[in-house]
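In order, the protein sequences belong to chains A and B.
Each position in the first sequence, counted from 1, maps to that position plus 2 in this note's numbering.
Position 107 of the second sequence, counting from 1, maps to 93 under this note's numbering, and the rest follow consecutively.
To be clear, the hints were calculated from the coordinates, so they are not data collected in a lab.
If you're wondering where the values come from, they're calculated on a predicted model, not measured in any experiment.
Please note: incorrect hints may appear among the correct ones.
For lysine to aspartate or glutamate, the following DMTMM-like pairs were computed, each having C-alpha atoms within a straight-line distance of at most 25 Å [said to hold, decoys possible]:
#, chain 1, residue 1, chain 2, residue 2
1, B, LYS213, A, ASP127
2, B, LYS211, A, GLU304
3, A, LYS130, B, ASP2
4, A, LYS55, B, ASP61
5, A, LYS223, A, GLU304
6, A, LYS55, B, ASP196
7, A, LYS55, A, GLU78
8, B, LYS211, A, GLU62
9, B, LYS69, B, ASP98
10, A, LYS155, A, GLU121
11, B, LYS(-3), A, ASP127
12, B, LYS(-3), A, GLU118
13, B, LYS69, B, ASP2
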Amino acid sequence: MVVKVNNLVKRYGDLIALDHFNLQVNEGEIFGLLGPNGSGKTTAINCILALLKYDKGTIEVFGQAMAPDAYNIKREIGIIMQNVAVFNELTVQENINYFCGLYISDKKKRASLVEEAIEFVGLNDFRKFYPRKLSGGLLRRLNIACGIAHQPKLIIMDEPTVAVDPQSRNSILEGIQKLNRQGATVIYTSHYMEEVEQICTRIAIMDRGKIIATGTNDELKSMIKAGEKITAEIFGLDSLQIQNIKNLPHISSVEYDENMLVVKSERGKNNLAIVLDYFRVHNIPYGKIYCELPTLNDVFLEITGKQLRD
Amino acid sequence: MFLHIFTNRCKCLVRDKVLMFWTLMFPIVLASLFGLAFSNLSSEDKFSEINIAVVDNNEYQSNQAFQSALSAVTDAGQSSGEKGLFNVILSTHEQADELLKNNKIEGYILFDGGANLVIKESGINQTIIKTFLDDYAQIGSAITNIVRQNPTAFPSLMEDVMADKNYLKEVSPSNAEPNTTLNYYYALVAMACLFGSFWGVKEISAVQADLSPQGARVNLAPAHKLKIFGYSLCAAAVVHLFTIFILIAYLSLFLKVDFGRDLLYVLLACVVGSMMGVSMGALIGALIKKDEIVKIAVLVSVSMILSFLAGLMMVDMKYIVTHAIPVMAYINPANLITDAFYSLYYFDTYNRFFTNIGLLLGFTVVFYLIVYFVLRRQRYASL
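Next comes chain A alone, as it looks inside the complex (with noise of 0.2 Å):
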């Protein structure tokens, strides 16, 4: 067990911010804290790295008790914070260099380790600019790299992707996952489901300081009811057609707006099958016809009443 928290509470004033907050995170997992904004990740996050008091519970990182002086667990943690943490004075090679430092008092060791983050981020051409020259996909990068650079056993990103363009928010994730393969467990924090759904082994979703369910990206989606989500576009669809529709087997809802047509089936097989099957047998011609499975907003739908992003 890498990280193991056990009913930890934190309080601001009447506000808790966690309740009983429990979490347990396996070596070699990319794990997933996923929750909207203001559910108590990053003060789960502070807490777990033993930089916020906290009101009770315990935390424990391999296997001992974290504390502000625990020195020889520090030097096994990387941290990527949801604001950049680097030195407007100093270049991309001086800031990795700099934090590297702090862990790594070899020079020679230190050098080989900076060139081998730069290498990972790609910021190999940007490596004498100063971050107020880098764009905020660049400046995210640095901000991994400074990171990441004293090779960590254990890797945790607090929201790394946020205001980040497609382009390096890709190169993000898939340089996470690079760092999962070389041997890092990670723990991931991120109100986009979709990132949280490509990368993490396994995931937990947070809402007001609590963990309300924990699981795989199936064992989650598991847990609840809905199933495919079909959207077709029909024209002249008439209200009889849409009561049938909606007595078809294992369709929870039917809606129909603007010629097209929504429905919501759940949990069960070939489920788009007997849709199809009914627009075939009652000759009803359609247009474009496409299938989502459920998400995890689905899944933080069904438990908590509420959008993910609420």
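Given chain A's structure and the hints, the job is docking chain B onto it.
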């Protein structure tokens, strides 16, 4: 670790153009403006001979005593290279009128039943001519009266009259001349020392997780935060001291400001002043949980007010404060720095200098102790 943090923090500080402007360029620019202002001020104080005319008529020619007196003040000090009081032109009455009309002379003396002064306007030069004539008339009258009553007293009387007697004895605590202008420059150095507080604020922000994301990263490193802060503070103190040395060199070499005879003590005052400034910034940085820009604004205001009270804008202010609120003179660091430099320049002993240095060191230690108690907290209530 020390070298790694020290060199990188030095790079950060030196490359911060805004802070370098305020701590280095601004005091130099201000010093240059002082230099310009004070050079004009001293040229105003330079004395030049007053051009006068004396109407060369029979009465003047017959008045040997007046001619001697005039000659005495005209030629006075010429042997030692100093200027006389008057530059005298002998002329006719018409020529004298013409010269006065054309502003070639400040006034002319016309003997017409006694010495009369003719002037076109009132002024300091006209007052000096009048005072000379009044003195001449008064002394002349006194001599005449005494000689009339006791002719035998004449030789000793002349000795007494011609000799200046001073009934007050000046006891100077120093060989140096009092010079209030220097106080402006010393207050300027004090202001520059207090501007070191900007570096203190910057270093606090760089290590406090609740003040900057960089600080959060530093807190997560496997090293004691206070050690990292200590190393960073060394960098700040060295960079700031470097700016102070440049300012002192500029004042001393280009503006010829006198810093006294003992360079070692001047350097000591710079070091202590600089440490004091940086510690003040660290204190404000640690206690005020606001943006760095707000803290800098507070420190600029505080530094300027303290420097003003130390006589940066008006030298009399230093003395007003010292007399009206004596304790203020001992708790105002700008005043202590200013006074330390002035003590070095003026006094022959170092008692006052070391009192100032001791107080500055005391404040520095207290400030750092408070900072220590704030920083040693290892976890934050909120970020």
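**Asked** Is the hinted pair LYS(-3) (chain B) and ASP127 (chain A) satisfied, with a Cα-Cα distance of at most 25 Å?
**Response** 22 Å, holds
**Prompt:** Holds or violated: are the alpha carbons of LYS(-3) (chain B) and GLU118 (chain A) at most 25 Å from each other?
**Reply:** 23 Å, holds
**Prompt:** Is LYS130 (chain A) close enough to ASP2 (chain B), meaning Cα to Cα at most 25 Å?
**Reply:** 17 Å, holds
**Request:** For the pair we were handed, LYS223 (chain A) and GLU304 (chain A), check the Cα-Cα distance against 25 Å.
**Result:** 10 Å, holds
**Asked** Can the restraint linking LYS213 (chain B) and ASP127 (chain A) be considered satisfied, given a maximum Cα separation of 25 Å?
**Response** The given pair, whose Cα atoms are some 34 Å apart, is violated under the 25 Å limit.
**Prompt:** Given the hinted pair LYS55 (chain A) and ASP61 (chain B), is their alpha-carbon gap at most 25 Å?
**Reply:** 87 Å, violated
**Prompt:** Within a Cα-Cα threshold of 25 Å, do LYS155 (chain A) and GLU121 (chain A) meet the stated pairing?
**Reply:** Distance ~19 Å between LYS155 (chain A) and GLU121 (chain A) Cα, so the pair holds.
**Request:** Mind checking the alpha carbons of LYS69 (chain B) and ASP98 (chain B) for me, to see if they're no more than 25 Å apart?
**Result:** 29 Å, violated
**Message:** Between the alpha carbons of LYS69 (chain B) and ASP2 (chain B), is the straight-line distance 25 Å or under?
**Reply:** Distance ~54 Å between LYS69 (chain B) and ASP2 (chain B) Cα, so the pair is violated.
**Asked** When you check the alpha-carbon spacing of LYS211 (chain B) and GLU62 (chain A), does it fall within 25 Å?
**Response** 22 Å, holds
**Asked** Keeping to a limit of 25 Å between CA atoms, is the pair of LYS211 (chain B) and GLU304 (chain A) held or broken?
**Response** With a Cα-Cα distance of about 45 Å, the restraint between LYS211 (chain B) and GLU304 (chain A) is violated, given a limit of 25 Å.
**Item:** Pair hint outcome, LYS55 (chain A) versus GLU78 (chain A) [Cα-Cα no greater than 25 Å]
**Value:** Holds, at about 21 Å.
Of the numbered hints stated above, those contradicted by the structure are hints 1, 2, 4, 9, 13, listed in ascending order.
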